[in-house]
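K.L.:
Since the structure of chain A is already known, use the hints to place chain B on it.
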Amino acid sequence: MRRVLYAAAFVPALVFAQTTARADDTADLRGLLNEPVVTTASKSAETATLAPATSTTLTAEDFRRYGIHSLDEAIDFLSLGMVTSNSLKGVDIGSRGVTITADSGDHVLLLINGHPVNEPLFGGARFDRGAGVPIEMIDHIEVILGPGSVLYGSNAMLGVINVITKRAKDLTGGHVVLESEIGKSYRAAALGGLEFSLFKRPSELTFGFEFYTQSGPTFSFGPQDGGIDSVTGQPSVYTRDRSSDVLPAPFWGGRATRGYYSQAPSGLLHFVSGNLEVTVKATAFKQSIPYRARYTAAVPDFNDPDSYTVHRSVWFDARYHATLSPIAELTTRLYGDSFDYQDIQNTTSASGCLYENVTTCRYEVVGASRWAGLEVQASLDWLKDASFVTLIGVDGRLRSIKSKSDALDYGDRRPLLSSFGIIDRNDKVLGAYVQQTWLPTSWLSLNGGARIDQEDRFSGVISPRFAASAKVWQGGTLKGVYAEAFRSPSWVETTFANPLTIVAHDLRPERVRSVEGSIEQRFGAHRLLMGMFRSWWSDLVELHVLTQQEQEEAARRGEIDLLRAYGIIQFRNVSSVDNYGMNFGYEGSVGDTGQLRFGANLTGAIARRSDPQSPSQRLTVAPQTFGNARVSYDLPGELPTLGVAAHYLGARPADRAFDGNFPVAPYARAQLEIRGTVSGPIPHSLLPGLSYRLSANYAAATRAPYVVGPAQYASTTYTGNAELAPVDRFRVTVGLQWDFGAGGSR
Amino acid sequence: MRLRMALILAMSTAIAGASAAACLDFAPNYVAPPDAAPPPPPPMDAGPDAPDVDNRPSCQQCIETPDTPGPGCHDELAACLVDPLCKSAYECILENGCLTKGTRQKVIICGLPCAEDAGIITQTEPAAVEILNVASCASKACQTSCLPDAGAD
Chain A
2 MRRVLYAAAF
12 VPALVFAQTT
22 ARADDTADLR
32 GLLNEPVVTT
42 ASKSAETATL
52 APATSTTLTA
62 EDFRRYGIHS
72 LDEAIDFLSL
82 GMVTSNSLKG
92 VDIGSRGVTI
102 TADSGDHVLL
112 LINGHPVNEP
122 LFGGARFDRG
132 AGVPIEMIDH
142 IEVILGPGSV
152 LYGSNAMLGV
162 INVITKRAKD
172 LTGGHVVLES
182 EIGKSYRAAA
192 LGGLEFSLFK
202 RPSELTFGFE
212 FYTQSGPTFS
222 FGPQDGGIDS
232 VTGQPSVYTR
242 DRSSDVLPAP
252 FWGGRATRGY
262 YSQAPSGLLH
272 FVSGNLEVTV
282 KATAFKQSIP
292 YRARYTAAVP
302 DFNDPDSYTV
312 HRSVWFDARY
322 HATLSPIAEL
332 TTRLYGDSFD
342 YQDIQNTTSA
352 SGCLYENVTT
362 CRYEVVGASR
372 WAGLEVQASL
382 DWLKDASFVT
392 LIGVDGRLRS
402 IKSKSDALDY
412 GDRRPLLSSF
422 GIIDRNDKVL
432 GAYVQQTWLP
442 TSWLSLNGGA
452 RIDQEDRFSG
462 VISPRFAASA
472 KVWQGGTLKG
482 VYAEAFRSPS
492 WVETTFANPL
502 TIVAHDLRPE
512 RVRSVEGSIE
522 QRFGAHRLLM
532 GMFRSWWSDL
542 VELHVLTQQE
552 QEEAARRGEI
562 DLLRAYGIIQ
572 FRNVSSVDNY
582 GMNFGYEGSV
592 GDTGQLRFGA
602 NLTGAIARRS
612 DPQSPSQRLT
622 VAPQTFGNAR
632 VSYDLPGELP
642 TLGVAAHYLG
652 ARPADRAFDG
662 NFPVAPYARA
672 QLEIRGTVSG
682 PIPHSLLPGL
692 SYRLSANYAA
702 ATRAPYVVGP
712 AQYASTTYTG
722 NAELAPVDRF
732 RVTVGLQWDF
742 GAGGSR
Chain B
-1 MRLRMALILA
9 MSTAIAGASA
19 AACLDFAPNY
29 VAPPDAAPPP
39 PPPMDAGPDA
49 PDVDNRPSCQ
59 QCIETPDTPG
69 PGCHDELAAC
79 LVDPLCKSAY
89 ECILENGCLT
99 KGTRQKVIIC
109 GLPCAEDAGI
119 ITQTEPAAVE
129 ILNVASCASK
139 ACQTSCLPDA
149 GAD
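Here the protein sequences come in this chain order: A and B.
Each position in the first sequence, counted from 1, maps to that position plus 1 in the working numbering.
If you count the second sequence from 1, position 73 lands on 71 in the working numbering, and the numbers rise without skipping.
By construction, these hints were calculated from the structure, which means they are not laboratory data.
Virtual Cβ for every residue (Gly too), placed ideally from N, Cα, C.
All clues given are correct.
Which stretches of chain B does chain A cover? Using the computed rule of at least three CB atoms under 8 Å from a CB of chain A, they are:
#1 96 to 108
#2 115 to 128
Straight-line C-alpha distance at most 20 Å; calculated DMTMM-like pairs for lysine to aspartate or glutamate:
#3 B:LYS85 / B:ASP115
#4 A:LYS385 / A:GLU330
#5 B:LYS104 / B:GLU89
#6 A:LYS472 / A:GLU36
#7 B:LYS138 / B:ASP73
#8 B:LYS104 / A:ASP410
#9 A:LYS287 / A:GLU365
#10 A:LYS287 / B:ASP23
#11 A:LYS170 / A:GLU62
#12 B:LYS104 / A:GLU357
#13 A:LYS385 / A:GLU47
#14 A:LYS185 / A:GLU674
#15 A:LYS403 / B:ASP23
#16 B:LYS104 / A:ASP562
#17 A:LYS429 / A:GLU376
So that you can see chain A by itself, here it is in the shape it has in the complex:
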């Protein structure tokens, strides 16, 4: 890997040498104008160079150039230091070498227009199509690496992602989008923006509605030999599908013709009037995957469209900004969120459905979390020149969490057991933070702060951060950051119990400490960044499989029924992670209007997980090297823009690599995904304002690092190697956009 890093350091340098020689005043000016301004790192607008964290800004223009359709694609193809891994069920998101498998995205805080969307039941957020933000509505995405709890509280361990939607001036008129991944998905979106005067205040409204539906592709799975079912003494049965698509008992697998689909209607509205800003968003995401796997869908029948999950959310965020004096500004934010969840798994396996005269069991889990809160934030610009600013804030919220699980007869929906796993709780969360920024000279920026978070389940957690940036020479900036962050265990982790899961005892918040340093150099329109980081994670919450002795003790205490279940699990503060590595980023443009653009990011990182019961080992699913590269060119006039983007993931251990006892530890091979995109206006069309986007995507590797099927362990029945989740290798996407009314979409 050392060679890879070494080479990567040289490539941008060579490009610099060639391009800076031709840099002129235009390029210098463009470089200044192109310097990203971020608002997420310190809750105030500042250049990315001086922000107290390493960040990248992903722009709408790049989404169009490189055929980006969703948050995870934007992260993979454009961002520095963050990466996602797709299991078909969803994406695991990681940063700088740390990915926590199947964490529902709960180690990254997702903001939409500054509103945190991670919910407390699972702590998670969706970064795939389920995020429910029409890509055409996004102005830019700020990706902040490293701990961010200092201003945002729980979940901001790997980083913070803030999706900023377009203002009305950039979305004026109406816009209709029709898009299809040919043979797999369709998407229709309607967007618009208007500016007007309301009560003599300048006002604006932007909105976007989208419906996305996907079915397929058809993947083939198996065969996995299930042997003899221990309950029936007959060949194991894994589906009630009697068609020729599926393999006969005792095998699991076949062609998944019906069980892989998703649907996602969503809408977002953003209203601004004077100092008032309101965002309302609603999303529903229904999804079915054809396979079973330990961490994502434990028991569903193969190729079963009636086994699915539904996530729904609706929220509003209203903030009012008041200037109290030349020194003091006050921002008040009132918000309310509702999230609910359904997980339906139907199983025909006799060992998973031990009830008399019941052929197929239907396991239903429903959950909901609802919360409302108020955040008040004061900014004190003591010297009135932004050189010494104190930010103080308090954020309090009330939450309600509910969940229950049921076992039903699939045939007549008759309950087979009384409801279990019941959670019905209310709690309070309070966070208070202070941040001081100080620019003692024109070349030095200092930032320090801390936040304390208190909730009913845990005592207070303090998250400090200290950062310094120094412009040490022309265009060169050195930056150092120390930060801590935490994650409150989700309510599912602290409170959930079912026949296989013992309720957790005394869970503590996860913690991370991080130190990083970077050097950034700008030459005209070119930016080069190199950074080093190290982080220490402790008290990571994991599902611990109880030892035989622990299971028997729990059975004697009456906590579990070992006659009906085995492989009992419990959420515990199990492990710690030691992580270090380097980042490299480069971007630039050439030409009078920057018509030739390019960029590349590369991360090399080591992350080792350890716990008291096993030796130190790599993190599953997490790549040690990953990155992306892109180049685009704007042809003149009405000719199209051509873009090519690629993203790379090194080989990764599968989720069951170290606990499945497979003869060969399952690894997913290195992945290289390449996407070519052509986009531009359709000249001389009957509909003025019509434009197109055509992209083709090819993935070199066939498998993702997730073990699928009933063979989650090597056993006496199944002695083969693990089967990994398939990858949708080739996709062609065609899209049309019609801009009408007052103007076009930027």
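P.N.:
Only chain B this time, still in chain A's reference frame:
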């Protein structure tokens, strides 16, 4: 413009409403525990005038038959009966008629509460192993009489 704004707001409200209105049902289901086992049949009069009829179910007869020449599971049963927990579970299984259920799955479903009532809490403790040995033997040596509907699982 008002009409357009009204349309937009209506659409927004509709989407938000669609998400929030279809509320999930969090009322727990309650399923009554299964009825108590039927009272055991009155004991046979074992007096000298009692007819010499073996009223044990055929499955029980088979299990209690010596392994050799068989078919039977007497050895496994004998090991079970010296363990108080296993003996209690076996007697409960007999009382509840579990051995006449016809399929292995039904026998297991019927027998699990007996094991629990007897104080067996894990699948690995000696009493559980012994009763499972009996069941395993019955499903093989006594399949014809104990699991006549085995193919129906």
